Amino acid sequence: MAKLHFENIKISGIVTTTGDKKVTIEEEASNYGYNEKMVKRLKKRMGFNSRYVVSDDNICTSDLCIQSSEVIFEKFDKSDVEALIFVTQTPDYKAPSTAIIMADRLGLGNDVIAYDINLGCSGFINGLLNAYTLINSGLKKVLLCVGDVASKFAYYKDKNLTPLMGDAGSAILIEKKEGFNADFVLHSDGGGYKHLIVPDGGCRNPFNEESLKEIETEEGIRRGIDMYMNGGEIFNFTIKVVPKMFDELFEYAKISKDEIDYFVLHQANKYILQNISKRLEIDEDKLPMDTMTIYGNQNSASIPGTINGFLEKEFQNRKKVVFAGFGIGLSWGACVVDLENVYTPKIRRYNEKR
Amino acid sequence: MKKDDFLELLAETMDTEEELNEDMNLEDIEEYDSIAILSLMSMYDEMGVKVTPNDFKNLEKVSDLIKLAGDKIE
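Going line by line, the protein sequences match chains W and G.
Here the first sequence is numbered in this note's numbering, starting from 1 and rising by one per residue.
Here the second sequence is numbered in this note's numbering, starting from 1001 and rising by one per residue.
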């Protein structure tokens, strides 16, 4: 386990933009071959309901993050931003790093550090860690952008994965400020890489004519260029590692569960979050779990998405908050941070007027 | 745990109203599906029984779910 402690670093703003189109499980049931009864069962047991996706293939994660960043810069001066980190699995191009293009689009000048990180469910924690590390080494402000347009890799017939996924992009501003501390614990296990994977299109399995052919299994229909998820393995992994990681975090940060005001976890689905909250004996009021039900699983944007979706009025007065992400990689991490006077406007859709 | 209590726990976990018995075929239980298997994995884990998704492949009867619980069932 990697453990890291930081002092005098603050999260000042969190803004999230979702896809512009809302779709419901009822509208999509026929794509997945679900009958009415199964839809009812999925809604009741797993919390399936609606998800927000982009309406046009040309809308990328970077576009959602740019909208979020522009809202951040209405409130904060961008001249002190010295780095832009973009965590995504859906970059604009295979190369170069999208962060560099985004820094230019945002007018951050030629002196910023900019790079992408390829992570999903644990991406917000790892991205935050990168931002804290850069501030700790002397930068004034870092803009962290996280998210995915999951529509790009979730095949419309994949009943196992696609009804879970939503599109979103968040922007988070991190800066130096006395009196704000954070502790992180992180893990990875490449032994489980096959359980969540886009197999084709990289160097190992280059894109080829087979990549677009449908593969039908018990778990659904998808193609080689789409994301595959072994739901059972991922669920089993989550219930085993997440409770243990919380114990590690509490011990390292020398805090008790009762001192935490909110637990904002990666919103894989409601069922997993209910399971975790029960195992950890955390009051459900302190652990929001409706993000996937309303917006879809927003990958690395699901933690900021939960803040802007459900807790946007909560972080004016000082609070101690735990963030935790877990999934693709396999990769999992958690941190405890002090939040106070954070700019957290209500979540908005892409191109939605205020 | 007593076998009867375990059968009740299985029914509750799978969210089925059927009264389960050892000889029932799993495929005859309408609610025994991928969602039920997630719930069962969590149930076994809480009982201290180590299971993986593969353990649920090729199970036929309710008695196979009892066997999976090993010595946790009296």
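Keep in mind that the hints were calculated from the coordinates and are not lab data.
It is possible that some hints are incorrect.
Some chain W residues near chain G, calculated using beta-carbon distances under 7 Å [stated by the list, open to error]: (1) E233; (2) F235; (3) I239; (4) P243; (5) N275.
Here the structure is a predicted model, which means the values were calculated and not measured.
Just so you know, even glycine gets a beta-carbon here, dropped at the ideal spot from N, CA and C.
Tested hints:
Residue-level restraint check for W/E233 holds (minimum Cβ-Cβ distance to chain G is 6 Å; threshold 7 Å). The interface hint given for W/F235 holds, since its Cβ lies 5 Å from the closest Cβ of chain G, which is under the 7 Å cut-off. Contact between W/I239 and chain G, as hinted, is supported at the beta carbon level, the nearest pair being about 6 Å apart and thus within 7 Å. A hinted interface residue such as W/P243 counts as satisfied when its beta carbon comes closer than 7 Å to some beta carbon of chain G; here the least separation is about 10 Å, so the hint is violated.
About 6 Å separates the beta-carbon of W/N275 from the nearest beta-carbon of chain G, less than 7 Å, and the hint is met.
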